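Undergrad: As given, the protein sequences belong to chains A and B, one line each in that order.
Position 154 of the first sequence, counting from 1, maps to 154 under full-length UniProt numbering, and the rest follow consecutively.
Position 33 of the second sequence, counting from 1, maps to 33 under full-length UniProt numbering, and the rest follow consecutively.
Hints are computed from structural coordinates only; laboratory data are not their basis.
All of these numbers come straight from a predicted model, not from anything done at the bench.
Don't take every hint at face value.
[Claimed, not checked] Computed spacing ranges between beta-carbons, pair by pair:
| # | chain 1 | residue 1 | chain 2 | residue 2 | range |
| --- | --- | --- | --- | --- | --- |
| 1 | B | T186 | A | G625 | 47 to 55 Å |
| 2 | B | T186 | A | D63 | 29 to 37 Å |
| 3 | A | D458 | B | H155 | 48 to 56 Å |
| 4 | A | K235 | B | R129 | 43 to 51 Å |
The beta-carbon is built from N, C-alpha and C at its ideal position, and this holds for glycine as well.
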Amino acid sequence: MTDLERHSYDVLVIGAGGAGLRAAVEAREAGLRVAIICKSLFGKAHTVMAEGGAAASMGNVNDNDNWMVHFRDTMRGGKFLNHYRMAELHAKEAPDRIWELETWGALFDRTKEGKISQRNFGGHEYPRLAHVGDRTGLELIRTMQQKIVALQQKDGQQYGSMESNIKVFAELTVTDILKENGKISGAYGYWRETGAEVLFEAPTVIIATGGVGKTFKITSNSWEGTGDGHALALKAGANLVDMEFLQFHPTGMVWPPSVRGILVTESVRGEGGVLTNSLGERFMFKYIPDVFKNIYADNETEADRWYADQDNNRRPPELLPRDEVARAINSEVKAGRGTEHGGVYLDVSKRLSAEVIKKRLPSMWHQFYELAGVDITKEPMEVGPTCHYVMGGVEVDPDTAAAVGVPGLFAAGEVAGGMHGSNRLGGNSLTDLLVFGRRAGIGAAQYCKSNGKNPVSDNAIKAAAAKIQAPFDRDGGENSYSLHAELQEVTHNLVGIIRTATEIEDAIVKIADIRKRSANVAVSGGRKFNPGFHLAFDLDNMLLVAESTAKSALLRQESRGGHTRDDFPGMNNKWRQINHISSFNGAQVNVRQQTLPMLPKELFDLFDVHELEKYMTSEEIAKGGSN
Amino acid sequence: MARMINLRIWRGDSKEGGLQDVQVEANEGEVVLDVIHRVQATQMGDLAVRWNCKAGKCGSCSMEINGKPRLACMTQVAAYGDEETITVTPLRAFPVIKDLVTDVSFNYKKAMEIPAYSHPDELAPGEARMEQVDVERSQEFRKCIECFLCQDTCHVIRDHEENKKSFAGPRFFIRIAELDMHPLDTLKNRKRTAQEEHGLGMCNITKCCTEVCPEHIRITDNAIIPMKERVVDIKYDPARWLGSKIRKRDGI
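Only chain A is shown next, with the shape it has when bound in the complex (with noise of 0.2 Å):
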């Protein structure tokens, strides 16, 4: 262990999308000592995927929108199982949080008075996302990749060293997250280049992995979203908090076969596009839900003069949030109204110019182009439902980020649990990641001011490092691509976007044997980038993942957001009150019901009382609040 690789931080960001990212400027002008840790190159995390925009409330193109109407729409979107207090920071601080990327250079797209343009989108009352064309998560990373190049130069001028006070590792994959007395005392990992192992000292880590998409088939998730934050967070006595809820984007690519899955950005839809069946029926009218029969338009008429007169009509169906567009296409699909690839069409080539389609989805038109053969400004899209979001994740502290149980831990981003509730609304995610990327930053500062070094003992650092070692020394095991395949079928058919108690309870027992099968992973070749060894991790943490998916959806007897069980088709006002809490005890994860927090009055308030009367019991309605 001697020529082991050491470092030692005050902070350690695993994970250098929006989050980390964020988190790690924080951390720095806090004056602590930084290292980013990302398994891809720096500036290609699963945020430069990000399409449509970032929501905030500053009210540029409506000037009606403030805070409040925004963390309505987003309590709404979540079907109200979201963190209150989560909600309420985000929509507060969202727009604080877009004007500091334009002092760090990012170029949004203008209105006409020069202010930062907002777009419309499913689940926003007012246009709201802030954005760059479609490309809109690639301008947040690349502003925050040169805003920490631009703390680096300044570092270099004051220290000499550009590197000295914040450095990135870059395809560098962390294995274990070290606590030496129950409180973190660094981290684990090798570097993929070479697998040589690397040892990080620090008192805090701050989880910004992203998402666990690749547990599943079809994803709009790249390589990277194994939900490695999530299962490291459960291994170090973190919690996850409901799992059972995925988002499924209602318009993934079906065609050809080895794009399916790839998004297609909402903003088709919020710049006009219409979802139509293989009868050319303009189907969503058919499946506006009570809860939103008063905002959206139940006629084409209506729904088309609300492109241009947003005051005086209702939008289109075509904006309901993601859930519900995603099971109207499935149900489509599933009576055989499917196109000849089982999805739907989704057309922007009648209301816009070939000239503005090109101009306002630059990247839609080139990924259709280029990868379908398809002219959207003259055809149609085949779109699907794709497997694009975790609502659930690391059960936090609202304000600080800090993770439940584990002192000197933190999550922020997509791994992070709680903000979205049941369903996300586009647009949070990108804000999301800002909002409590920064809180994390400052929840780390905080903690470092009163905890020092913990040091790691040499007993943690033999057993990740045996870790790691173990699938060299297997001789004829098993193949982490097959079992991966076999993950992604079990959890596409049994736990999917739609679910029954049989298919779920099915799932746990195919995911527990496969875990069984994946301790006995051989890795052929040597340590040298070899994606097989790494896979063998990626896939480790996915089955805990999948695991505890599985096991939360079983629990919860009802549909809400992003969990849809055929046999429990309705929503529970009971099961609104409920948090399933996922724990690992070393052998199995285990999931338990916690009691969500309740709305305090001032947030309370902000409804039409009957609005809440469609999600909450009449004992909570009958006590107003929480205090």
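Go by the hints and put chain B onto chain A.
TA: Only chain B this time, still in chain A's reference frame:
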């Protein structure tokens, strides 16, 4: 629908390596990255390749396909003839790590050498007002996905390791141009430092970078040539040269 294709893959590391032939199934609509993944899952478990989004948005799967710098996720197998062998090799301008993965750290070092965006002190967050037409010039360059194909194809460094020290490459010329054209950036002399410190003068505008850009950024026409023209204006126009000496002009 599936057919067998011949794929020739460069395998090896910084010390040694060579081309290996494999036969692999290809389905309708698949891209080169799909068949590489199939080889990885069924025949070569340790075949190294970078990728992320598989939708042309992250710029990770850059490689050379039949000698041309391309994104493997955006290159259709069907673009090649039924009998044609598809040869995939690592980016030539950068040192090989393993198989199709190269060491692109050169680019991240160059990124750190370009002075960051500088926001006007007096302009508080939320106060910025810019015209769409003014932000669009820089937005074109901010479309860059950092695939580094332009860097790979640029003949100033492709076969000239010795030039790397003094040449930032097309990706970073558009970064400088982006900042230079940013309506709010306050740092002066970006064009001059492009010329004097980042090797703009070594570019002889053959437009190879523009041709390989998967984002269709007009690197040469919209970034490099306008900067070169302004630099030349200032440097060789005697009146301006004199003016610059007398009034200590800046802002080139």
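Undergrad: Tell me the hint numbers this structure goes against, listed in increasing order.
TA: none
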